[in-house]
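Start counting the sequence shown at 15; every next residue gets the next number (the working numbering).
Just so you know, the hints here were simulated from the structure itself, not pulled from any lab data.
Check before you lean on any hint, since a few could be wrong.
As the list claims (entries may be wrong) - FRET-style restraints, in silico, Cβ to Cβ:
| no. | residue 1 | residue 2 | range |
| --- | --- | --- | --- |
| 1 | Ala59 | Asp117 | 38 to 44 Å |
| 2 | Arg150 | Asp210 | 26 to 32 Å |
| 3 | Ser29 | Gln206 | 36 to 42 Å |
| 4 | Thr44 | Gly199 | 46 to 52 Å |
| 5 | Asn200 | Ser75 | 49 to 55 Å |
Keep in mind that this is a model prediction, so the values were computed, not measured.
Note that beta-carbon positions come from the ideal geometry of N, C-alpha and C, so glycine has one too.
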Amino acid sequence: AACYRIFDHLGWSESIYNHISLKVPGEEDTFLINPFGLLYSEVTASNLVKIDVEGNNVGGSPHIVNKAGFTQHAYFHKHLGSRADAICHVHTTATMAVASHKDGLVPTNFYACNFEGQIGYHDFEGVTVRAEEGERLVRNLGNHTILMLRNHGPVVMDKTIQGMFVKMWALQRACEIQVATLSMGNPNLVPQAVVDVHQRDLAVMSGQGGAGMFDFEAWKRRVDKIDDSWRQ
Numbered sequence: 015a016a017c018y019r020i021f022d023h024l025g026w027s028e029s030i031y032n033h034i035s036l037k038v039p040g041e042e043d044t045f046l047i048n049p050f051g052l053l054y055s056e057v058t059a060s061n062l063v064k065i066d067v068e069g070n071n072v073g074g075s076p077h078i079v080n081k082a083g084f085t086q087h088a089y090f091h092k093h094l095g096s097r098a099d100a101i102c103h104v105h106t107t108a109t110m111a112v113a114s115h116k117d118g119l120v121p122t123n124f125y126a127c128n129f130e131g132q133i134g135y136h137d138f139e140g141v142t143v144r145a146e147e148g149e150r151l152v153r154n155l156g157n158h159t160i161l162m163l164r165n166h167g168p169v170v171m172d173k174t175i176q177g178m179f180v181k182m183w184a185l186q187r188a189c190e191i192q193v194a195t196l197s198m199g200n201p202n203l204v205p206q207a208v209v210d211v212h213q214r215d216l217a218v219m220s221g222q223g224g225a226g227m228f229d230f231e232a233w234k235r236r237v238d239k240i241d242d243s244w245r246q
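Could you build the full structure based on these sequences and the hints that come with them?
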């Protein structure tokens, strides 16, 4: 619930649409997701809906879920194990713009270097509501944890909600800066050798305290000061 509020505070929500889903710890193939029809600013711990991998309500919640929208998440949760325990899909302007660019994300800036060679791309096939598209989604993701749906937006996943959040935060910044940079023309691309060193050093640093742990706790404190009703 805190993650929904953080996303909303950062401007990553899209009316009542999009999803963050999280595997329920200690349970087989059950997940928590937002009630369809509520804004992210209305999500609380008590109104999250427990669903199975098919999107069926298994927790007795009176709320409905957008089963069609969960289709892509379901396939990742079902076939990728702990790599996809926490998943988000967003429609932010910056990430959708980069997803709609022929070259996708390129190493124009510090944050983009985090992801060079670590993003899968999936061509747009329309609204992602058909289960048969799932096999292609997983294939195009490969061994990565970010799948850029071309002309649509990113799917970001991780073993933990904290890791997923900080990955999404850095991706958003990378895309914002790329959009700004390309608007001026003549981008200064970072050489691959430098990208390799950057990623090597980043991997060492990210092991300190768990990926995104400090970031997520800081943003929880921030949203608590604004409205702590997510805890209800």
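Hint check results:
1. Ala59 to Asp117: 38 to 44 Å: Holds, at about 41 Å.
2. Arg150 to Asp210: 26 to 32 Å: The hinted range 26 to 32 Å holds for Arg150 and Asp210, with Cβ atoms some 30 Å apart.
3. Ser29 to Gln206: 36 to 42 Å: Since Ser29 and Gln206 have Cβ atoms about 40 Å apart, the given range 36 to 42 Å holds.
4. Thr44 to Gly199: 46 to 52 Å: At roughly 50 Å between Cβ atoms, Gly199 and Thr44 fall inside 46 to 52 Å, so the hint holds.
5. Asn200 to Ser75: 49 to 55 Å: 53 Å, holds
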